[in-house]
Amino acid sequence: MLSGYHQVSDNSAFVWDVGRVFYSSFETTTIYSGLLGMELDIDRHWQDANPYAVGWEYALNSDWTLQTGFSLDESPVDDQHRSADMPLDEIKRCTVGALYRATPEVDVAFRLEYADLGTPSVAHESGLLANPAGEYNNSAVAGAVSMNYKF
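All residue numbers for the sequence shown refer to the numbering used here, where the first residue is 4 and numbers rise by one.
No lab work stands behind these hints: they were computed from the structure.
Some clues are possibly wrong.
Stated by the list, open to error - Per label pair, the in silico range of CB-to-CB distance:
| id | residue 1 | residue 2 | range |
| --- | --- | --- | --- |
| 1 | Leu-5 | Ala-112 | 22 to 28 Å |
| 2 | Asp-46 | Ala-145 | 29 to 35 Å |
| 3 | Pro-107 | Asp-82 | 50 to 56 Å |
| 4 | Ala-136 | Val-109 | 20 to 26 Å |
| 5 | Leu-43 | Val-148 | 37 to 43 Å |
| 6 | Ala-145 | Val-24 | 18 to 24 Å |
| 7 | Asp-13 | Asp-51 | 19 to 25 Å |
| 8 | Val-11 | Gln-50 | 52 to 58 Å |
| 9 | Asp-82 | Val-57 | 38 to 44 Å |
In this text the structure is predicted, and so the values were computed from the model without any measurement.
Cβ atoms here follow ideal geometry from the backbone N, Cα and C, with glycine treated the same way.
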């Protein structure tokens, strides 16, 4: 991961990240069935992918800082190798938040994130263990509160 923090003015800063995730190391997923007494290996055909992120923060005063950001994660799998158990696609996230400096030692952060997990499609394969065919429309909203203590 390569990151940057650029102070643009006394009260605002631009932040960014660029990374590399080595998904290709996850070559197969093995499923065990004790009931059927069998083992099945699913070839993933995943490829390495890059996440990118940019953000902005603005200090309202010495206690409050507003934050916002956007990130994009490349899909680790091509359309023809996507499976119904993990229908991965490109992921886009938008985040807003605020940081409150309660004391010189304690910060409290509030975050709200919307994630567009894409609309991946899964192609039907023939055979006994064929994947179901279809298209997914995935998104998520998450909130978080965290506290940092400096000692």
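Now for the hints, and whether the structure bears them out:
For the hinted restraint 22 to 28 Å between Leu-5 and Ala-112, the CB-CB distance of approximately 23 Å keeps it satisfied. Between Asp-46 and Ala-145 the C-beta distance comes to about 31 Å, which sits within the given range of 29 to 35 Å. Taken as a hint, the range 50 to 56 Å holds for the pair Pro-107 and Asp-82, whose Cβ atoms sit roughly 52 Å apart. Between Ala-136 and Val-109 the C-beta distance comes to about 52 Å, which lies outside the given range of 20 to 26 Å.
A hinted range of 37 to 43 Å for the beta carbons of Leu-43 and Val-148 is consistent with their spacing of about 42 Å. Our hint of 18 to 24 Å for Ala-145 and Val-24 holds, since their Cβ atoms are close to 20 Å apart. Roughly 40 Å separates the CB atoms of Asp-13 and Asp-51, a value that falls outside the hinted 19 to 25 Å. Roughly 36 Å separates the CB atoms of Val-11 and Gln-50, a value that falls outside the hinted 52 to 58 Å.
Asp-82 and Val-57 have their C-beta atoms about 27 Å apart, which leaves the hinted 38 to 44 Å range violated.
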